Amino acid sequence: MTGTINLDGQTIPFTEGQTIIEAATAAGVYIPHLCHKPGYTPHGSCKLCTVKVNGRNCSACTFPAADGQTVISNNDELAHDRRRITQMLFVEGNHFCPSCEKSGNCQLQGVAYHLQMYDNHFPHFFALREVDASHPDILIDHNRCIFCNLCVRASQEKDGKNVFGIAGRGINKRLVINSPSGQLKDSDIAVDDCAAHICPTGAILIKRTGFQVPIGQRIYDHKQISEVALAAEGGSCSRPAAALAPSQEVAHDK
Amino acid sequence: MTNKIKVATTSLAGCFGCHMSFLDIDERIVALAEVAEFDRSPITDIEHCGPCDIGLIEGGVCNSENVHVLREFRKNCKILVAVGACAINGGLPAMRNYVNLEDCLLEAYRDGIGVENAQIPSDPELPLLLDKVHPIHEIVKVDYFMPGCPPSADVFWTFLTALVEGREPALPYELVHYD
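Which chain is which? The protein sequence lines are A and B, in order. All you need for the working numbering is the position in the first sequence, starting with 1, plus 81. All you need for the working numbering is the position in the second sequence, starting with 1, plus 1016.
None of these hints come from the bench; they were simulated from the model. Keep in mind that this is a model prediction, so the values were computed, not measured. Hints may be right or wrong, so weigh each one.
[Unchecked claim] Non-contacting residues of chain A with respect to chain B, defined by C-beta distances greater than 12 Å in every case (computed):
hint : residue
1    : Lys133
2    : Ala208
3    : Asp213
4    : Arg299
[As the list claims (entries may be wrong)] Simulated DEER-style distance windows between Cβ atoms:
hint : chain 1 : residue 1 : chain 2 : residue 2 : range
5    : A       : Asp269    : B       : Gln1135   : 47 to 55 Å
6    : B       : Asp1170   : A       : Ser260    : 42 to 50 Å
7    : A       : Leu209    : B       : Gly1130   : 25 to 33 Å
8    : B       : Arg1087   : A       : His202    : 36 to 44 Å
9    : B       : Pro1140   : A       : Glu158    : 31 to 39 Å
10   : A       : Gly246    : B       : Asp1139   : 36 to 44 Å
11   : A       : Arg255    : B       : Ile1059   : 31 to 39 Å
12   : B       : Thr1177   : A       : Ser307    : 23 to 31 Å
13   : B       : Leu1144   : A       : Asn243    : 48 to 56 Å
14   : B       : Ser1138   : A       : Lys254    : 38 to 46 Å
15   : A       : Arg255    : B       : Gln1135   : 38 to 46 Å
16   : B       : Leu1122   : A       : Ile296    : 33 to 41 Å
Just so you know, even glycine gets a beta-carbon here, dropped at the ideal spot from N, CA and C.
Modelling step: build the complete structure from the supplied sequences, incorporating the hints.
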């Protein structure tokens, strides 16, 4: 079945099984997102892609496109909500961009720039979180995890390993490692795994690769995330475009 | 009497890097000086700021003096601007928030490598440390935020020229950086 939806006044075609965000991306319309990635099971956790579908708020990454839908994505109310959601992500974790190697290549940062987020609005949690530097090649800084579940899905769906999981609820939610000690060194993750390269923030980093590209010359220092995402995710479930996506992500996306 | 815009600046728990970046507006400071004059700032010898149009605050809030200075700025400045990462989210000074304050002091003044004549400073003139370092919006209302570590000179220029001309400040994409 195919049909059309009305997205911000524009008529957009969709094909059977496409979600709203997939139809929008294929038509060249960017809807902000962090936990969504083409080719991965939708998770619907970050809520950044919230759109109004026939007057109701829905996650564009999980909501199927249907003929005749009226979808609103680009208005002041949704921009405000998305800014607030992003600010919550910043205050719930510990995101100190000046001290993060991922800065400039960070999708959380890229979305925040796109949303013209100048401040964090809410009181900071300053939650106590650990760094797991036990693995010889991979580092996990839990301070920067936004629980997008992409590493969990990558490990299960692409690597066939099940290294990661999300445990707990609310403020006690945490990324856990499936190993006897709970440490990354005792898991079977390898540096070439998709899960090691898919993190949209600086929570999972590859050791000894820091600052290969200087700050100021990185992706979101010059390109809007809307431009990068549409080039990388254009069409449905396509591979990222090598010219714009972080090189390590391209190299390891199976 | 002068019709110049009055600007006050100060650094709380910060490194003065934002002030240094402000000075990077270079010769544009001459144009700024034609329409603005400085109240309390590192280039004047004024201890307490008076009534001002714009207050620029760099750094987070880590001790009791920071709280007093911040409240004084808020009381006296029509427009208060949080300048840089430390003022906006606590920045690198806030990384001490994950260490117990007593442990932090003991490590710095008694147990750290190379410490001589170990003693924790206790002069009554020293401001008391807060348990945590806070961004300034958690203490007072802030009108505008200039992101960056530090914000570039162009960010200062874009913001200040807009405020001086009574326009709403807006940054082009290239100037928005958190690092």
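Verification of the hints:
Listed as outside the interface, Lys133 (chain A) is consistent with that label: its C-beta sits roughly 26 Å from the nearest C-beta of chain B, beyond the 12 Å cut-off. Distance check on Ala208 (chain A): its Cβ comes as close as 9 Å (rounded) to a Cβ of chain B, failing to clear the 12 Å threshold; non-interface status is violated. With a least beta-carbon separation of about 15 Å from chain B, Asp213 (chain A) lies farther than 12 Å from that chain, consistent with its non-interface assignment. Consistency note on Arg299 (chain A): stated as away from chain B, yet its beta-carbon is not over 12 Å from all of that chain's, at 9 Å minimum.
Between Asp269 (chain A) and Gln1135 (chain B) the CB atoms are about 51 Å apart, so this pair conforms to the stated range of 47 to 55 Å. The hinted window of 42 to 50 Å between Asp1170 (chain B) and Ser260 (chain A) holds, with their beta carbons roughly 48 Å apart. Between Leu209 (chain A) and Gly1130 (chain B), the C-beta spacing of about 28 Å keeps the proposed range 25 to 33 Å intact. As the Cβ distance of Arg1087 (chain B) to His202 (chain A) is approximately 20 Å, the hint placing it in 36 to 44 Å is violated.
Here the CB-CB span from Pro1140 (chain B) to Glu158 (chain A) is close to 53 Å, at odds with the stated 31 to 39 Å. Checked against the given bound of 36 to 44 Å, the beta carbons of Gly246 (chain A) and Asp1139 (chain B), roughly 51 Å apart, lie outside it. At roughly 48 Å, the beta carbons of Arg255 (chain A) and Ile1059 (chain B) sit outside the given window of 31 to 39 Å. The hint said 23 to 31 Å for the Cβ distance between Thr1177 (chain B) and Ser307 (chain A), and at roughly 28 Å that hint holds.
Hint check: Leu1144 (chain B) to Asn243 (chain A), Cβ distance near 50 Å, so the stated range 48 to 56 Å holds. At roughly 41 Å, the beta carbons of Ser1138 (chain B) and Lys254 (chain A) sit within the given window of 38 to 46 Å. Take Arg255 (chain A) and Gln1135 (chain B): their Cβ atoms lie about 40 Å apart, and the range 38 to 46 Å holds. Our hint of 33 to 41 Å for Leu1122 (chain B) and Ile296 (chain A) holds, since their Cβ atoms are close to 34 Å apart.
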